[in-house]
Amino acid sequence: MASHIHRIEVRYRDDPRQKTRTDRFRSLGFPVDAVNLVDVYTIATRARDFSQAELAEIGAQLVNPVVQEYTVDKATRAAFDLAIEVGFLPGVTDNVGTTARQTIEDYSGYRFGEGEAVFSSQLFLVCGALPPESVERLLATLANPLVNRVHVKTREEYGERGMDPVAPFVSLHELPTAETVDLDLDDAELARLGKEGIRDPLTGERRGPLALDLPQLHAIRNYFRGLGRKPTDVELESLAQTWSEHCKHTIFASAMDDDVPDGLYRTCIQAATNAIRKERGDRDICVTVFTDNSGAIVFDETFLVTHKVETHNSPSALDPFGGALTGIVGVNRDTIGFGLGAKPCINVYGYCVGDPDTDPALFRGKDRERPILSPRRILDGVVHGVGVGGNCSGIPTPQGWCYFHDRYVGKPLVFAGTVGVMPRVHGKRKLYEKRAWPGDLIVMVGGRVGKDGIHGATFSSEALDPASPVTAVQIGDPITQKKFSDVIVKEARDLGLYRSITDNGAGGLSCAVAEMAKESNGCHVFLDRVPLKYPGMAPWEIWISESQERMTLAVPEERLDAFMDLMQRREVEATVIGRFTSSGRCVVECHGAVVMDVGLDFLHDGLPKKHLKTTPVVTRNPEPAVPCPDRLDATLLAMLRRKNLCSREFISTQYDHTVQGGHVLGPVQGPGRVQGCATLTKVVPGSERGVGLSQGLFPLYSEIDPYRMAIAAIDLAIRGLIAIGVPLDAIALLDNFCWCSSDDPERLWQLKRAAFGCYDGATAFSTPFISGKDSMFNDFSGFDGENNPVKVSVLPTLLISSIGIHPAVTSAVSMDAKFEGDLVYVIGETREELGGSEYFLHLGSLGNRVPALDLGSARARYGRLTKAIERGLVASAFPVSHGGLIIALAKVSIAGRLGMEIAIPSAMRPDFYLFSESLGRFVVTVSPGNRQAFEESMGGVAMLLGRVGGSCLRVTAGRPIIDLPVAELEATYRAPFGGY
Amino acid sequence: MKSPAGSVPGRKSTIPEKGLIMSGYGINSEMETQEALRRAGMRSDIVHINDLIAGTKRLSEYRLLVFPGGFSYGDDTGAGNAYANRVRNNLWDDVCEFLDGDNLVLGICNGFQILANLGLVPAFGRTPAREIALMPNRKGVLECRFVTLKPASENLWTRGISHLYCPVSHGEGNFYCTDETLNRLESGGMVAFTYCRDDLGPANGEFPYNPNGSRADIAGITSEDGKVLGMMPHPERAMEFVNLYDWPLMKEKLVREGKPLPSESVNMRLFHNIVDFFRG
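As you go down the protein sequences, you meet chains Y and C in turn.
Following numbering that gives the first Met the number 0, the numbering of the first sequence begins with 0 at its first residue and continues without gaps.
Following numbering that gives the first Met the number 0, the numbering of the second sequence begins with 0 at its first residue and continues without gaps.
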C-alpha cells in the first residue's frame, strides 16, 4: 500500500453556490447557518514521493487562482461547528480522482502504478448548532453508506490538524482459482443454493443470489452428470447470468394458460410487428427489430435511427445517483452496440417515484435497520444521475417524464432510453449487420473490471429484500465511455476495423461474449488477460462483473494492429482476451486451467421450459360520492398543483437538450414554458426531417383494467407525435413492462391482459413494436418501524415509448396558443370515463370506468389532423391526457400566456366533462382565417369550444364555472417544484 | 434546408483557409461547430488533441483554432481546467506560435473555460495569465435554456450583429474577475457579448436573462488583441430558424403576415464574420 500520502484542499474564496446550497439544506429541514464546501484530493504513492514544491505546483493545477485557494497538507482554516468529509468506499469509481491523477501524470511525467492513486472527497464545513438527530439525518443526506465513507469531526476535534488523510485502496484476499460446486444436494439445499448463492469455501458465506429455481438447477445437474463431472463456480455463475429473467425473459417467453402456448412475447409483441410488416409490404419502416441491442427504423434513404429504452430499478433503489447514471450510460451502449455502432443522438428518461413530500418509515432489516431512501432522496439522485450521464456524454436529453405514486416508495422505476443514428451502409458494408467470424479476436475496450455490479442481472430478477447485495451498486464514468464511443462510432466503424460489437451490460463478459459467440459458434477466453481495477479477484467474479463502460468487439486478426493503435492514440484501453471459434463451446481459461467448458446450445437453450398459469382479477372500487361544485376555480388550481400534472421543468433545464444542434421542439414550449408531450429533434444536419419522441403511461388504470391501460398507453404515445405533425405511418413503438410479483397468477393475468392490449393497439394503428424490455419483480419486502413485515409492489407499469420520423420539421406544430382571436377546438369525443383518473384520485376514489377507445375511428381522426397540420391549418395542438380536457386547455393557455373563453358543449356533469380522461382527443387552436378549411379537413370531428383572448381562462357550462387569470394558473402550475 | 447566405454575393465560395476543431476527452460539440463553419464557407478538421501532441497533425497548417463545447474530463477539477492543463503541459509552444500569427481562436462554452484557464483571454499585453474565472452557476446546477445576447463592443466577431438568441448549457459559466480586470475589459472594448432581456435591455444580473450570475452580465470576452473570443452561449447549436426556442410563434406570425420563413438564424452571423475576416 501507499507510503506517501498528501492532502490538497481546495476552496472558493467566495463560493457562488454557497447561498443555494445553504438554502437547500434549510429547505430539507436542517437548521444550518451556512454550509461551506472544500474539495479534497488525497494523493497516495509508494514508488516516489512528491516534494512540497511539487505539491504546490500540483495544487496550482487543480485550482483557478482568480477565485480559489488551496492548502497542501494543512487544514483549511474556517469558522464552523461541524466538519463532515464524504469520500468513496474502496473500489467505487472516483472520476474526479482519476482526472486529478491524469493531470498530475501529465504535469510530472510520473505514471502512477499499482497501489497508487488520487482520491477525491468533499469536506462540508457546517455552521450552526445541530441537534444530534439532525446530524444523523444530515449524514444520511450527504452520504450513501453503500457508496460513501464519512468522517465527522467537531470544531475541537478538527483543531489545527484538520481531517485525517485516508487512502481507500481495495484489499482483497480471494483465491484466484475456480472451485467446483457439488449439486448432489437435496432439493431444499439446492433451492437455497439457487436463492442465496454458492457457499464460499474460504469464508463459508453465501456469494449472493444465482436466482436459479429448482427445475433449472436440476437441468444443470443433469447436464454436468452427462459430462461426468461437477460444474465449476464459473460455470454455475455463468449459467445463472445467461438464464436470468433479466437476460432470458422467461416470463414473456413461457407458455401461458391454454391460449398462449408460444408465450406472450411471440404471441402479442412479435406477432403484432410481424403482422404489421407483412401488411405494409414495401412501406415497412422496420430495419432491425428485437434481435439487436436496439430496434431500428428507416430515417430516410441514407440513414436509419435506433431506439431502446431500458430500466435500472433495483440499483436506483439502493443508490439513486449511481443507478440512474449507469442506467443511462448503459443504454447509450445499446446504441453504440447496435449493428456496427450507431451514434447516440437523443436520450430520454422516465421516473416513477414516491411523493417527495412524504418520508415513509420502511426498513430493509428488522429493528429499523437499513431504512429505505426517502422519495426525495431518490428523486434528487436519479434526476442528477441521468443528467450527469447525458450532459457529460454530449447527448441531448429533451424528452422525459416523472410520475408520482406511493406504490413506488419501496422500489422506484427508472427508465432510460437512447436514440441513435447511423448511415445504412458504408461503402458496401451494411452497418446494421454484424457477425463475428471464427478466428476473430475477442477484444474488450473501455474501463477495467472490478467487483462492482456483481450479480446485477440475477439481483434485478429478484425482489429487493434484506439480503440484497451491496456490490450491485455501480457508479458510471461517462468520460471513459465518451472516449470509446467517439473512437468507435466516429472512427473505427467506418475504417472497418471490427466485425461485431456488443455491450457489456447485465452479466458482464459472461453474457456479452457468450452472446457474440452465437455468431461464430464458439469462443475461447483467457480470464487472466482481463485488465482489473485491483488484484485479488476470483475467476467467476471477473467473468460476471458488471463494471461499467465496457464493450466487446470481434476484431479480425489482420486489423488488430490498426485497431489497437487507434485505441491507444485515443487513450482507450483495449485488451485481447481471447478468440471466437467454431467449436460450438464456450471455453474459459484462467492461468492455464480450463474453468468453464459448456456447449453453446446448452448455455443458450438448455433452460427448462415453463408453463405459467393465470387467475383473473375482478375489482370493484368505490365511486366518488361528491356532487359537482358550483364553481370549479379552486378544483382546477388544486388539480394543476397535483405532482403528476404540474411543471417539472427543474429537470428539463438541468439536462442539456440542445447539444448536437438539433433542437426543434424542446422539453418546454411557448412563452409560458409548459412541458410538452413530445419533442422533435434534427439528427442529420441538412435534412428536413426530424425525430419525434413521445410516450404513454397509465399505471393507475392497470389495477382496474390492464387491457385498456395498454391501449391508453399506446394511444397517448402515438397521439403525442400526431399533435406535432408526425404521420401515423412513420411511427414505431417500444414496450417496457415493469411488473410486480410476477409469480402471482393474478399479476400474470394482468400481464396477459396488458400484452393482449399491446397487440390490439399496435395492429389497429399499424405501429410496429421495434424493441422492448421487461422487469418483472419490482417489489420491496421489508419491515415497518414496529418490525411488521411490509411488502410494497409497484403499480403494474407499462411504458409505451414512441419514435416517429417527421417529414419536414418546418411544418411542425407546438402546443402554445399563438394569437388572440384564434379558435379553440377539441377533437375527439368526451365520455364519462374517470376510473383511475387524476381527478378521482384527487377526490380519493379510484373508480371503475377506465377510458376505452374506438381504435378505428381514432385512426381516421389522426389521419385527418396530420393532413390539416401538413396544410398549415393548425396554430397549436396538444393531446388531452392525464387530468383531462381542462388541464390541456390550461396548459395551452399558460404556454401561450393567453387567456381563453370556453363554453362546454355538453350536458355531462361539468367536472366530469372537464376532468374525464377519454382517449383519442386533442386541443387545437386555429387562425380564424383557416376556420373553414380546417373544419372541412377534419370532417366534423373537431368541436369548436371557444376562442383565445384576454388574460383569463374563462369556462362556462350554461353558467360561469371557471374564471382565473392565466398568470395565476402559471404560478400554480410551477409552484409544487418551485424550490427544486 | 438551403442557406440564404448562399444567395449573397461573395459568400458562395468556400475560403481556402482551414479551421482546426479540437476534440477528445469529453469535448462534444465538434460536429455542429464544423457544420456551422461549413455553412459559413470554411472547411475545418476535427483533430483529437492526442494527434496534435503526437505531431501527426500540425496547428501551423490552420488559421482558425476552435475549442468547442463539451464536458472535457467531466468538468472534474473545475470546468475546462484539466483540458487546459493537457494543452499547457504538451502543446504550449505550438499555441503561442499560432497566436503570434494572423490567426483566430474561438472558444465556446467548455472552450471558453479552457481559454480562461489557459489565460488566452483576456491576455492583457499579449501575456497569457489567468485573470478571469468561470465559476459554478449561482443556482448550483447545469442550466440549459435560450438566452439573448447583445454585442458590447464592435469588433471582427460582433460586426453587424444586433443580437444573438441561442442556448446556454453549462454548470460553470458564472463569469468573475476583479474590479480592476473588469475596468480594463470594459475600457479596452474587450467585452464581446452580454446577457440581456428579450427587449435587449440589460439583464442586470437577473435570472433567467443572466442565467448563471455572471458579473456585469458578461457572456463572452475577447483577448486584448481581439484575435481570441471566448463565450459561454452556443451559437452553433441554433444555426437554423427552426432551432430557435420561439420559432413556432415567429413562424405563425410570419405566415399570417404573408412573409417568407427564414432558414438561417441570427446566430450564423458570428460564423460569417469569421469567414469574412479571412476573406479580408
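Because the hints were derived from the structure by calculation, they are not lab data.
Ideal Cβ positions, reconstructed from N, Cα and C, are used throughout, including at glycine.
Mixed in with the good hints, there may be bad ones.
Said to hold, decoys possible - Computed footprint of chain C on chain Y, listed as stretches where at least three residues anywhere in the stretch have a Cβ under 8 Å from a Cβ of chain C:
1) 198-206
2) 651-662
3) 665-678
Do the hints match the structure? See the list:
1. Residue count for the segment 198-206 of chain Y with a Cβ under 8 Å from a Cβ of chain C: 0. That is fewer than the three needed, and the coverage hint is violated.
2. With 12 residues having a Cβ less than 8 Å from any Cβ of chain C, the segment 651-662 of chain Y passes the three-residue criterion, so the hint holds.
3. Note: the segment 665-678 of chain Y has 4 residues with beta-carbon separation from chain C under 8 Å; the three-residue rule is met and the coverage holds.
Against the hints set out earlier in the document, a violation occurs for number 1 only.
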